[in-house]
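Student: Given next are the chains, with one letter for each unit.
Number of protein chains: 2
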Amino acid sequence: MAIETTTTINGSAVTHTPAPLDASKLVITLATELKPLPKPESLVFGVEQTDHMLVVHYDPIEGWSAPEIKPYGPLSLDPMSSCFQYCPNVFEGMKAYAGPSGEPRLFRPKDNMARLSRSVERVALPPFDMEQLLILIQRLIKIESRWIPDVPGHSLYIRPTVIGTRAALGVAASDSACIYVIMSPCGPYFRGVAKGISLLGVSESVRAWPGGTGGHKLGLNYAPGFLPQRVAAKQGYDQILWLLGDEDRVTEVGAMNFFMAVKADDGGVDLITPPLDGTILPGITRASTLTLARAHTSGQIVLPGLSGVKLHIHERALAMAEIAALSDAGRILEAFGVGTAVIVAPVGKIGWKGRDLQLPVHTGGLGPIGKGFWDMLTAVQTGRTEFEDWSVPCL
Amino acid sequence: MAIETTTTINGSAVTHTPAPLDASKLVITLATELKPLPKPESLVFGVEQTDHMLVVHYDPIEGWSAPEIKPYGPLSLDPMSSCFQYCPNVFEGMKAYAGPSGEPRLFRPKDNMARLSRSVERVALPPFDMEQLLILIQRLIKIESRWIPDVPGHSLYIRPTVIGTRAALGVAASDSACIYVIMSPCGPYFRGVAKGISLLGVSESVRAWPGGTGGHKLGLNYAPGFLPQRVAAKQGYDQILWLLGDEDRVTEVGAMNFFMAVKADDGGVDLITPPLDGTILPGITRASTLTLARAHTSGQIVLPGLSGVKLHIHERALAMAEIAALSDAGRILEAFGVGTAVIVAPVGKIGWKGRDLQLPVHTGGLGPIGKGFWDMLTAVQTGRTEFEDWSVPCL
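Protein chains in written order, with this note's numbering: chain L, 1 to 395; chain S, 1001 to 1395.
Hints were generated in silico from the structure; no laboratory data involved.
Bear in mind the structure is a predicted one, so any value in this text is a computation, not a measurement.
C-beta atoms are modelled at their ideal positions from N, C-alpha and C, and glycine is treated no differently.
Please note: incorrect hints may appear among the correct ones.
Claimed, not checked - Computed from the model, here is a short list of chain S residues facing chain L with C-beta under 7 Å:
(1) L1075
(2) L1077
(3) C1083
(4) P1088
(5) V1123
Use the sequences and the hints to build the structure in full.
Tutor: This is the structure we're talking about:
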């Protein structure tokens, strides 16, 4: 990754080699006093911070600085910084789970790194070696492992972030950047959703569009949803179901991918999710759900509680009129959202064109299909069940 | 603006009155040492910072803090802050010009404040009294007035910014915020564009979309353009002409609004600009250009150098095929972009579908129509000519 570069400084061409991101240069400064651990049952998603964070800076001459793990604290940035002005800011959502021997485990972290790499490229931030970042994240997890709550359904949420730090107002790619990784202990994202979450279908406000950035995990995809989300909340809905085009095609649910299980003609189940057409985030939980469904279908595994249940997998466009027709015909078995933060969350109701589609309610929230995925995903995430190389212990 | 609010803190409802933004509470701390002024001819847009900045913080309990004018310096923010993670960041671009007696003058500042208010609302930031902000900006301009270069075509660029500072990772509107205003002396945005800037028409990457945020001045509208801009630069083009839809309709040029002057059948000039349909920023220079054109047409004013020239004004969709046909027929007189940073910038070439549309080149860059607007706009901006209440001295 060491690339010789020529930059013009005060009229003279200067050849230099910006340093690559190098985990072996890590400098660790531990906090002198550690915070008391919060009670797991009182955790609200993304509010508590662990004791430390990872920070690395990039400038176009020096390259990547020596990575630092240091006490959690504020970032100090020039007010002209691109991150405030033009928002070339990207992030990932990951979780560390406690394994059978208490060891911290990550779930498919290379997929997060690959997606982060695509995000960095999409907003023209300086590229870096994702393997080095993953090594650094694992070091930080080891240091913060006491923060993983020892309670089922709980984990340590990890937020790798890269922001543009070029301090100039001309509209141009940020030639400077900061990588930082922060962590927060978390319990269930939605508490008390036994009835399932309620969604309001919204098409006046559009989250993502063809040729836009909806297929990348960019910070800038989220703020435009705040106002519609507030309007939905005032009408009593938990989240927005983002619709697109004249046919009101389903794209995402709040910040989750959408799945629907429908009675198939052969007595099995049609599992339908919208395709990755660039308007939908390629979720790692989404990909895992599809892979597990295919493994179940092929007989490689049996999803918990779904022995003998035939799953037919469809990645295809799903219009609201079709959902309404299936609902009216009583054919919808379950709908759910999937994502790193929620894992699998049941959907109980969809508001669309002034009516509410009531979806089947199941004891405990999730129906048997959603629960099959939840049980399998959490078993793999916590290292109780092995599936491919998805669960990675931090050694 | 003082509104009693009830917030639940640790399970108890607390009634409180967040303080409104109040310019009379301003606290001024002047820099002990002032920077040397840069040479006007060496100024690059948005790189130099003046000595001071304005900063105000909002939290949902206390409300707006006492505004501070203090030495320019870094902002210190929690790494969880919404501005880094979800990008509810908005800004304005304004300029202070030296008037005939050396007094600093703003151009239609209330229009900037009105647009900022709409931006703040669009990303669900806490609202505030824009008149108070304008008073504060004027105070800062008075303090920094030595930074307005005493050279024609130069000014002090002003960047009011509002960012979300809620320090939590749950995806929700930011209940905390920071307003800051920074300033930078500037000369011509494009130097040496005697040939006019070259544009690459781009439709694979889409800047704005119906139901999106292109009609608001949000930081998040800009980062997605960095990569396409880099691709265009590699092909030798200065800026991107953002196209939309199957017809390749023109929306914006880089960060400017687009105008075209075409030979009309009656010997006059058709002045065409795309309409404000939500995919285009409602530029204040755009609105001013249209108002001046209408005033010229009605006989209220005569645009410099355009005596006897009939202007027919069209705010309507403009497809690339039409531009190409007009170009082939030799009917295009001029094309130009307008905006606060550039004022009026000539367009010399448009790349589209593998061909280059060469537009008429004029001595000095701008043609007579563009120059008529440039001359009139700069005369009003610098207080040499009065037009309505557009030029506002900072007293």
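Student: Hint by hint, note whether the structure agrees.
Tutor: Hint-by-hint comparison with the structure:
Taken as an interface hint, L1075/S checks out: its beta carbon lies about 6 Å from the nearest beta carbon of chain L, inside 7 Å. A distance limit of 7 Å between C-beta atoms decides the matter here; for L1077/S the minimum to chain L is near 6 Å, and the interface restraint holds. At about 6 Å, the closest approach between the beta carbon of C1083/S and any beta carbon in chain L falls short of 7 Å, and the interface hint on this residue holds. A cut of 7 Å between beta carbons decides the hint on P1088/S: the least distance to chain L is about 4 Å, and the hint holds.
Because the closest C-beta pair between V1123/S and chain L is about 5 Å apart, less than 7 Å, the hint holds.
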